[in-house]
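As given, the protein sequences belong to chains Z and Y, one line each in that order.
Per my numbering, residue 1 is the first one in the first sequence, and the count goes up by one each step.
Per my numbering, residue 353 is the first one in the second sequence, and the count goes up by one each step.
Heads up, some of the hints might be wrong.
Stated by the list, open to error - If we take Cβ atoms under 8 Å as the criterion, some of the chain Z residues that face chain Y in the derived model are:
#1 S74
#2 G78
#3 Q155
#4 T341
I should point out that these hints are in silico values taken from the structure, not numbers from a laboratory.
Fair warning: this is a prediction, and the values are worked out from it, not measured in the lab.
No residue lacks a Cβ here, since even glycine has one placed at the ideal position from N, Cα and C.
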Amino acid sequence: MRRTPLLIAAPLSAIALAATASGCSTLGGTSATAAQVSGTTTLVLYSGQHEQTTALLVSAFEKLNPNIKVTVRSDDEGALAQQLLQEGSKSPADLFFAENSPALEQVQEKGLLAPAPAEALSAIPAKYDSPQGDWVGITARVTCLVVGAGVPASQVPTTALSLADPKYKGKLAFAGSETDLQPAITAIADKYGTKAATDWLNGIKANAAAHLLPDNETVTKDVDTGQVQIGLVDNYYWYRQAVDDGGFDKAHSRIAYFAAGDPGYVLSVSGIGILASSKHKDAAASFVKFLASPPAEKIIADSDSFEYPVLPGSPANAAEPPLSTLNPGTVGVDKLGDGSTAISLLQQAQLL
Amino acid sequence: MQEGALAANGAPMSAPSLSPAAAAAAVSGLVASRRARRPPVLLGLSLAASALVLLPMLFLVYQAAQAGWAPLQRLLFRSLTAHLLINTIELAVCVTVLCAILGTAAAYATERTDLPLRRMWSALIVIPLAIPDFIVGYTWSSLWPSLHGLAGAVLVMTLSLNPLIYLPVKAALREADPGLEEAARSLGLSPLGTFRRVTLHQIRPALIGGSLVVCLALLAEFGAFEILRFQTFTTTIFTEFTLAYSTSAASALALVLVLLGLGVLVARHYAAGRHGRVSRASGGARRPPIRHRLGLRVIPVTLGCLALTGLSLGVPISTLGYWLTRTQPTTLPAVAPVPTAAETTLLYALLAAGGAILLALPVALLVERHPGPLSRVLESVTLSVQGLPGLVIAMALVFFAVRYAFPLYQSPILMVAAYSVLFCPLALVSVRASLAHAPARLEETARSLGKRPLAALLRVTLPLIAPGLAAGFCLVFLSVVTELTATLLLLPSGVKTLATQFWAFQNDQSYAAAAPYATAIVAIAVVPGYLLGVWFDKKRGA
């Protein structure tokens with residue numbers, strides 16, 4: 001007869017838990033006061049990059065800099081950039097590590113980034129860095145095709161433009177809402193004009209009508225499982241898929257690069273910037289310098305993210321062809337900008 | 353607590369100091385005054401709850417106003433928008449109808465028949481709510497690669513959302529006065545006729561409330577449709593927010609979703625009509641309803657339960673099992689181990705479920721006990737938030753917290769507040785459906801006996817609506833366990849929940865590494881599902 005109050009007690013006890021848990025580390029919350037006492041600085045890193053690789057980089061950095069702790073906030077890079085825009089000058093973030101340069105450019109355009117440390121900017125070739133010097137390139141990847149195991153080489157397109165050819169109808173897959181697609185669109189618009197880029201988008205949309213997929217992981221998987229012949233992705237997706245298949249020789253698909261210099265063969269960059277609102281700019285700068293140094297680039301090359309380190313002299317993952325042997329087109333981060341051209345073309349093509 | 357417990361458990365109201373005549377006199381006197389005044393405290397609390405829930409709307413209006421008409425026109429009036437609207441509406445209608453049928457049938461089978469293993473079925477039916485969309489979507493698309501578009505979305509969403517109707521309807525069936533059904537049967541109405549003309553009427557508030565929540569949840573759904581390659585309006589909002597970085601355009605589109613949600617609420621208003629009294633006719637006497645003897649029909653009913661739970665639970669669980677047995681050759685160490693992430697998830701889910709109930713309770717009391725235009729508006733506002741994607745609500749809270757409550761930003765308190773706002777509609781629907789069954793006159797009697805309003809609430813009303821509170825608590829709990837978009841934005845930096853860890857691995861296609869987190873999510877979800885079933889059954893025995 002007395003059981004009824006139990007159910008009422010449940011929400012109440014939850015509230016009581018809140019009181020006891022307010023200092024509880026399980027729920028999180030700031031340890032800023034503790035940090036100040038012990039003399040350590042805590043950096044907040046907003047990261048859209050591969051989570052495990054980022055965790056490896058952070059722990060290597062913390063080992064070298066025992067007085068600096070790095071707290072990572074991982075999310076989709078677009079959501080993080082949007083969050084930074086909403087937070088404005090009050091952002092708790094010290095650093096923003098994005099997967100693609102347009103996300104950094106969005107934040108940069110609103111004046112939310114501080115100048116990057118000169119040492120890091122000069123270590124990394126200028127073509128991978130922010131044109132304004134507000135962020136530093138850390139990794140790179142190129143657009144490519146993932147091709148099903150049974151597809152003969154003669155039937156693999158060698159230019160991005162030819163993907164719109166009706167002969168690939170029903171054979172192509174791509175993900176319109178992936179940020180990785182936008183560099184190729186921007187590059188094609190830059191080379192052939194926006195009209196040609198729109199026609200191209202409409203063409204590949206028609207060819208991929210049955211295979212318009214949500215993300216590049218699905219594109220790669222669908223090609224690998226034989227549901228479609230060709231997918232337009234970035235190179236690292238295939239390597240990650242191959243690992244999932246149990247090894248590079250076990251994959252049921254392969255990578256095909258476009259012809260050297262093809263406009264759709266784009267190198268895009270992942271980079272890191274310091275927030276203008278950061279109260280720990282020196283500590284943040286040392287993190288950026290660390291990422292642009294050989295030990296960090298080695299961690300990236302050895303990790304499962306399969307992106308290219310961009311520091312000269314840092315070898316890529318042994319499974320991949322060296323970056324120097326690839327011949328992407330000439331469109332750089334300055335042309336890719338904040339991605340707004342690509343977005344509006346995607347919207348005109350009703351892909352977004 | 354004794355009086356309350358007595359009333360709830362069906363002992364006759366025979367408190368020594370109260371003669372029936374005196375009670376009747378006291379009640380009739382109170383009824384006259386009751387309608388006239390709303391308790392200011394209740395009104396204040398309801399207004400505060402609604403104001404909190406209203407924040408996302410304010411954010412949307414403010415942001416959309418920044419855009420100007422031209423870019424909105426370009427985005428809104430194009431063929432894709434029409435296509436998405438049609439997709440969204442088709443899906444909402446199909447899934448809501450299917451969920452209503454499945455949820456009601458399952459609730460009736462476990463509540464009103466002598467189906468064997470009722471307690472087990474009861475727990476199993478609820479758990480799919482806590483299986484992340486991604487797992488469900490992934491499982492079905494790997495089992496049946498050609499399953500996408502409308503059919504796939506309807507299948508997957510029906511399987512994962514039907515508990516939203518099952519739970520409130522079950523609670524309503526539990527509380528409904530069996531006397532009415534018995535009277536109908538004794539007057540010669542067939543079992544089917546009794547169901548249609550009496551039972552359906554009794555569960556109508558719960559059924560309509562549940563359907564409303566399903567409908568609104570579909571408007572806001574994002575993750576599952578990504579996997580099933582089915583685009584709805586919400587997908588465009590995500591694109592505008594996180595790819596085009598156009599907050600104003602995203603907000604304008606989200607306001608269209610709000611309008612759709614309000615449309616659903618208006619439809620609900622007409623569907624509910626002027627619902628008559630559904631509370632017990634007699635003064636609180638309560639007996640368990642008769643369970644229909646199934647006889648040989650036990651076979652098809654059991655097969656039905658088996659099919660439902662097999663599809664909605666068995667299929668995704670088997671995928672998890674497959675992932676768990678696979679060894680991933682090069683998986684990197686996890687950022688947060690399973691037990692740590694599980695503890696965080698559990699604490700947040702408990703706090704958020706409590707918070708959502710606290711937000712919903714005053715609004716529910718106001719709507720049920722003091723109906724009127726104001727309470728209707730407050731309720732609609734509170735419910736319509738369910739139709740907004742989690743990303744929009746979280747972004748709005750980022751906006752307001754950064755400007756006006758910065759110390760709370762990315763603190764556990766804001767995270768719990770966000771969950772409470774996000775899932776307040778689930779709690780509201782359950783609590784309100786229960787309140788509709790709790791006779792107001794019992795509270796009035798308590799008041800007439802000199803109890804203060806708070807005491808009457810604690811000792812009479814809350815015990816009466818305990819099943820609704822429990823159902824709401826569990827619904828919110830289960831939803832928090834899998835919530836992702838708002839969690840990623842508002843969780844204190846560096847903290848991981850099971851859902852965010854699962855996301856980190858599955859994002860990377862490391863399914864074998866992701867599987868333990870998903871398994872822990874399901875394991876945590878079993879607890880409220882099981883408790884709910886057990887609690888109901890013990891109560892029946894009392």
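For each hint, the structure was consulted:
Below 8 Å, beta-carbon pairs count as interface contacts, and S74(Z) has one with chain Y at about 6 Å; its hint therefore holds. Contact between G78(Z) and chain Y, as hinted, is supported at the beta carbon level, the nearest pair being about 3 Å apart and thus within 8 Å. Violation of the interface hint for Q155(Z) is found here, the shortest Cβ-Cβ separation to chain Y being roughly 22 Å, above the 8 Å cut-off. A distance limit of 8 Å between C-beta atoms decides the matter here; for T341(Z) the minimum to chain Y is near 11 Å, and the interface restraint is violated.
Comparing the model with each earlier hint shows violations of hints 3, 4; every other hint is respected.
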